[in-house]
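The opening position of the sequence shown corresponds to residue 1 in full-length UniProt numbering, with each subsequent residue numbered one higher.
Hints are computed from structural coordinates only; laboratory data are not their basis. The beta carbon of each residue, even a glycine, is placed where N, CA and C say it ideally should be. Check before you lean on any hint, since a few could be wrong.
With a cut-off of at most 25 Å between alpha-carbon atoms, the simulated DSS-like pairs for lysine-lysine come out as follows [said to hold, decoys possible]:
| no. | residue 1 | residue 2 |
| --- | --- | --- |
| 1 | LYS195 | LYS289 |
| 2 | LYS36 | LYS48 |
| 3 | LYS223 | LYS249 |
| 4 | LYS166 | LYS146 |
| 5 | LYS249 | LYS280 |
The calculated label-pair distances, taken between Cβ atoms and stated as ranges, are [said to hold, decoys possible]:
| no. | residue 1 | residue 2 | range |
| --- | --- | --- | --- |
| 6 | MET51 | VAL12 | 32 to 42 Å |
| 7 | VAL12 | LEU361 | 19 to 29 Å |
| 8 | LEU339 | ARG52 | 11 to 21 Å |
| 9 | THR24 | LEU363 | 15 to 25 Å |
| 10 | SER119 | LYS48 | 44 to 54 Å |
| 11 | LYS223 | MET51 | 54 to 64 Å |
| 12 | PHE252 | PRO130 | 37 to 47 Å |
| 13 | GLN40 | ARG133 | 21 to 31 Å |
| 14 | LEU339 | PRO242 | 44 to 54 Å |
| 15 | ASP132 | SER296 | 18 to 28 Å |
| 16 | ASN244 | GLN327 | 56 to 66 Å |
| 17 | ASN244 | ASP132 | 54 to 64 Å |
| 18 | GLU43 | THR72 | 36 to 46 Å |
| 19 | GLN327 | PRO79 | 44 to 54 Å |
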Amino acid sequence: MDLTTLRKQFPVLKQGIYLNHAATCPISYATIEQMKLYCQEMEEPFAKHAMRWAKLTEETRQLLAELLGCQTDELAFTPNTSTALSLVANSLNFKPGERVLIPRNEFPSNRYIWENLQSKGVDCTFFDLPSDRSLIEFLSEQDLSKVRLISVSLVSYLTGKKIDLKAFGEFCKKREIISCVDGIQGVGTFPLNLKSQPIDFFAGGGQKWLLGPLGCAYLYIRKELIEKLHVPLVGWTSVKDPRNFEARKLDFADGAARFEPGLPNIVSIAGLNASLNELKQIGWDFIFKRIQSHTSYLLEHLPSLISNQTELGAIVTVKVPEHLNLQSSLDKNQITVTLRGGLIRIAPHFYNYQEELDQLLKLLRR
């Protein structure tokens with residue numbers, strides 16, 4: 001695979017070294033051009049392109065299903081991951097006294113929505129996961145009485161620590177606890193097969209490791225659950241026949257599509273479609289191996305790691321030496337990472353060169 005040619009498809013790489021894919025990713029020329037095309041089509045009557053736009057939406061749903069290892073009717077498009085998780089929180093009809101467990105250092109999206117349930121009498125319990133313990137080991141020792149749902153990240157946005165998804169799903173299923181996963185920091189960095197793992201809900205978005213645009217995210221709902229859920233947002237496209245404007249009865253669409261209340265953000269879906277097709281053509285196995293190679297290389301050369309080396313996803317977070325004025329050095333060398341609270345978060349993608357990692361390592365060794 002010719003990386004030099006592939007890199008030319010991403011304009012951000014002309015501006016320096018980009019190692020910040022756990023934040024918001026750059027998009028390729030192909031993605032930009034497809035989004036432009038769909039913007040231009042909006043100059044014309046909606047009816048002229050409506051059928052093709054609907055077809056594109058379903059093609060994109062199929063690409064996502066292939067990547068996630070699930071069925072298309074288990075996926076709903078949402079504007080962002082926060083909306084997807086909010087749909088989960090408001091679809092379960094929580095009762096006063098029921099409990100939700102969440103790690104304390106979760107990204108705000110996976111904290112605020114559960115805290116919001118406290119107005120309904122739900123007990124939102126945060127826990128601190130020791131760095132030397134697995135999630136399952138820790139949960140096995142906790143009081144799980146009245147716990148109805150546990151929500152965790154597949155990969156921590158802060159430390160890069162990855163959970164054992166299958167073990168988490170089985171742990172919850174055995175105890176009749178609903179499992180919910182924020183997967184945005186993992187999808188696109190290693191293989192997934194949600195159908196082989198008893199996960200109830202799985203949310204993510206395209207703007208990180210999938211190299212897609214803002215405004216297009218998704219919610220996976222295990223098929224057996226869909227009919228049992230309350231649909232908190234309902235609109236004209238939530239039903240089986242949305243073109244029947246004379247219908248006098250609410251007849252929900254089959255599958256997760258009932259959680260899509262209105263017209264989708266077709267420009268963002270077009271962008272995600274382009275990026276997924278581009279990544280598929282490059283080859284997911286190649287991409288996964290490249291990302292894993294970068295992670296291994298960083299682990300080999302960086303001191304003061306926060307996370308257990310055997311449990312990392314594609315994110316590596318290390319402490320910044322106190323004597324370094326690192327932000328100034330990063331700016332001078334045109335290196336983009338996340339620097340926050342005395343920590344540096346490094347998140348390279350498949351197209352990064354090892355030499356680019358070496359330039360960052362050189363700064364950290366000063």
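Against the structure, the hints come out as follows:
no.	hint	verdict
1	LYS195 - LYS289	holds (23 Å)
2	LYS36 - LYS48	holds (17 Å)
3	LYS223 - LYS249	holds (24 Å)
4	LYS166 - LYS146	holds (23 Å)
5	LYS249 - LYS280	violated (41 Å)
6	MET51 - VAL12: 32 to 42 Å	holds (34 Å)
7	VAL12 - LEU361: 19 to 29 Å	holds (21 Å)
8	LEU339 - ARG52: 11 to 21 Å	violated (44 Å)
9	THR24 - LEU363: 15 to 25 Å	holds (23 Å)
10	SER119 - LYS48: 44 to 54 Å	holds (46 Å)
11	LYS223 - MET51: 54 to 64 Å	violated (27 Å)
12	PHE252 - PRO130: 37 to 47 Å	holds (43 Å)
13	GLN40 - ARG133: 21 to 31 Å	violated (53 Å)
14	LEU339 - PRO242: 44 to 54 Å	holds (47 Å)
15	ASP132 - SER296: 18 to 28 Å	holds (21 Å)
16	ASN244 - GLN327: 56 to 66 Å	holds (58 Å)
17	ASN244 - ASP132: 54 to 64 Å	holds (58 Å)
18	GLU43 - THR72: 36 to 46 Å	violated (31 Å)
19	GLN327 - PRO79: 44 to 54 Å	violated (32 Å)
Hint check: violations occur at hints 5, 8, 11, 13, 18 and 19; the rest are consistent with the structure.
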